[in-house]
Each structure stands twice: as structure tokens, then as C-alpha cells.
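Asker: Starting from the known structure of chain A, fit chain B onto it as the hints suggest.
Chains A and B, in that order, give the protein sequences. Sequential numbering of the first sequence, starting at 404, is according to the working numbering. Sequential numbering of the second sequence, starting at 404, is according to the working numbering.
Read the hints as simulated data drawn from the structure, not as lab findings. None of these values were measured; they are calculated from a predicted model. Each hint should be verified, as a subset may be incorrect.
If several chains are the same, the list does not tell them apart, and a pair holds so long as it fits within one copy or across any two.
[To be verified] Here are the simulated SDA-like pairs of lysine to any residue, each with C-alpha atoms no more than 25 Å apart in a straight line:
#, residue 1, residue 2
1, K549, S509
2, K478, N560
3, K503, N409
4, K500, E527
5, K417, G477
6, K408, N561
7, K417, E427
8, K478, I407
9, K410, N554
10, K520, T416
11, K417, D537
12, K408, D537
13, K520, T577
14, K417, Y436
15, K478, R434
16, K408, N469
17, K408, N468
18, K408, R461
19, K423, P539
20, K546, I576
21, K549, N430
Protein chains: 2
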Amino acid sequence: MPIIKNKSTIITTKLFKINKLDIEFDNQAIREYEVISGTGSGAVMIIPILGDNFLFIREYAAAINNYSLTFPKGKIDDGESILVAANRELQEEIGYKANKIRQIFSLNLAPGYMDHKTYIVLAENLVPSKLNGDEPEDLEVIKYNKNNLSNLLLESNNIDSRALASLYIYNQITNDNNS
Amino acid sequence: MPIIKNKSTIITTKLFKINKLDIEFDNQAIREYEVISGTGSGAVMIIPILGDNFLFIREYAAAINNYSLTFPKGKIDDGESILVAANRELQEEIGYKANKIRQIFSLNLAPGYMDHKTYIVLAENLVPSKLNGDEPEDLEVIKYNKNNLSNLLLESNNIDSRALASLYIYNQITNDNNS
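In isolation and in its complexed conformation, chain A is listed as follows (with noise of 0.2 Å):
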């Protein structure tokens, strides 16, 4: 198992540290690594099934300064569990809340070079339920049928990775023999 020799912290900012690490492999090689580190306690992302559909929001997306295809998601507040966390960011973000919800997965964004945890949440029997959040504008709800989603990647511009991600596991989850 490589082992970290030294690490030490670039910068923090608001939302994230940057760490060097100089790590030693088994065989000796040593290399030096930059890494991407969150601060808070890792963020939720919610699939949220309403009768036959997947609800998707479309979000500003400030990195791409454009819009994307993503689900309801949002950091997980200090001192919050994670099924709480999502079933806020539902009701602020698309107005629903669950009265059932599990997680079912914890996802690694980047591995290699960011230590982000997204704890993937399967959102059902949804019922209105609103709370303010902080989002800039409302967001664009946008439903595609969970059982015909074809058209999903030609129609849909800057999906994000972490949406398809979690499509992939739902998949897997809710039917076995789907490869």
C-alpha cells in the first residue's frame, strides 16, 4: 500500500483545499500529487420518482457558465444526516418531499485527485412540500419516463457526470438482470 511521505496545504478557500502529497509505491517510486479536498461533510444527490417519471432539474452551472441537466443535490448541512439533507434540498429545490427515501450508493467523484463523497439518494411517493432555500432563481423542473430515457443524452446538453452516474446505479439496483 503507497504510503503519503508528506503532505502539506497549498490553500483553503471558502469551498475547497488544495494539498500536495508526496507519496512513496511499494516499489519505492515516489510522485507528487495535488488533491482537491471539500470542506463540510460531503453532498447529496437525490433521484426523485414521481409516478412513471425521474424528475431532473435544469440548474445554472457556474463553472460551464451555462445551464445543465442535473439532479437535486446540495451539501449536507453541519450536524445533518444525509436523508435529511436530501429530503430539504427536494423540498427547496423541486418542491416535493419524500415519505420514502434510502440511500443507495456513495459515490467517488474523482479519486485520483478529489476526495468529494456524493451519497447518492433514491427519492418516492412524493408529496408538495416547499422550503425556501438559498438558490438564486427557481429552478426548471424537467421530467423524462424513468422507463424511456433515449433521448435522454442526445436532447440534453451538459449533463452532469454525477446525474448519469446515478442513472447507472438506479439501473442496478431495480433490476437485476440489467448488465
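Answerer: Then chain B, alone, in the frame of chain A:
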């Protein structure tokens, strides 16, 4: 469409740049964002198919100080095309070259706070061919039958989210009936 009112660079490191953006939305709401840019031309992730198998790699992932299951991947070198980069990484990381290779998607990792693009490449008709890369140790190649991945999520820890997104995309483009 939201407008970037101010943009400043907080830091530029060897691998990353963190920018601070002030964004004004159509409703005049203003929010401050921190976003991460990669340096360079983006990255490739390759789905290598050999017979009935996907070829994954198990690679040390510095940000989580553990091994991660992922597909062969790497940064695109200056002046290199996506497909040339993909075939180079394949030869460096798993010792194969693809005689049939095509880009199937352009993936946005986490567009809210990172502008990283990963180009997903499907590699078929593999023949043995080895190039020396900059890997600190040999990578373990892990085969999964592409018609039976039902154990993937259960068996493998620390799966790279981009590999799961790649599998979703692969399923969509190779199976019109797949949801």
C-alpha cells in the same frame, strides 16, 4: 442568461486554478461562486472491450489514499487529439492498442464548480501493444463480463463515478431499448 460581473483568480497551482465569480441572474440576484479549472486540454476515459469483457483498472487514487476501480484514463497532452490520447493511454495503462476507436460522449464532471471535460472513448478490436507511461507502478487490469455487471457495485470499493457514467452512456448507445 446569468452574467459574470466579476472574475478573479484566487490561485493557480501546477494542476488547478480556482476562480471567484460574481454572477448576476435575470432576476438581479447576485451570488458569489468559487470554481475550479483544470490546466490543459481535458482528459480521456476509455472503455476497452476485449471479447465479452470490459477492461477496468485498479489504480491508486491519491485523494482518497486508497485504490480505486476505474477505466483507463489520462490527460490529453498539448496538441494531441482525443483519439490519439486515448490510444496512448490504453497502451501505457493496459498494454493494448485499439484498431477501432471512437468518441461517444463529452462528460461534464461537476459543472457547478468544475469545468473539467472528460471525453469518453469506446475502444474495440484490441491488439497487444505496450508503451511506457508515467505510472509509478503497474496497474492491475480487472475484467468484468459486459453482459453481467450485476456484482460490480457490490464487489468493488471506490469506483470512479466517471466509470459508472461511462457504463450508463455505453448502455444507452449500444442498446436502444435500454432505459
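Asker: Against this structure, judge whether each hint is valid.
Answerer: Going down the list of hints, with the structure as the test:
no.: 1; hint: K549 with S509; result: both (22 Å within a copy, 23 Å between copies)
no.: 2; hint: K478 with N560; result: both (24 Å within a copy, 23 Å between copies)
no.: 3; hint: K503 with N409; result: neither (45 Å within a copy, 43 Å between copies)
no.: 4; hint: K500 with E527; result: within (9 Å within a copy, 45 Å between copies)
no.: 5; hint: K417 with G477; result: within (16 Å within a copy, 29 Å between copies)
no.: 6; hint: K408 with N561; result: between (39 Å within a copy, 22 Å between copies)
no.: 7; hint: K417 with E427; result: between (31 Å within a copy, 20 Å between copies)
no.: 8; hint: K478 with I407; result: between (28 Å within a copy, 23 Å between copies)
no.: 9; hint: K410 with N554; result: neither (46 Å within a copy, 36 Å between copies)
no.: 10; hint: K520 with T416; result: both (19 Å within a copy, 23 Å between copies)
no.: 11; hint: K417 with D537; result: within (16 Å within a copy, 33 Å between copies)
no.: 12; hint: K408 with D537; result: between (41 Å within a copy, 19 Å between copies)
no.: 13; hint: K520 with T577; result: within (22 Å within a copy, 29 Å between copies)
no.: 14; hint: K417 with Y436; result: both (22 Å within a copy, 10 Å between copies)
no.: 15; hint: K478 with R434; result: between (32 Å within a copy, 16 Å between copies)
no.: 16; hint: K408 with N469; result: between (41 Å within a copy, 15 Å between copies)
no.: 17; hint: K408 with N468; result: between (39 Å within a copy, 12 Å between copies)
no.: 18; hint: K408 with R461; result: between (43 Å within a copy, 22 Å between copies)
no.: 19; hint: K423 with P539; result: between (34 Å within a copy, 17 Å between copies)
no.: 20; hint: K546 with I576; result: both (21 Å within a copy, 21 Å between copies)
no.: 21; hint: K549 with N430; result: neither (48 Å within a copy, 33 Å between copies)
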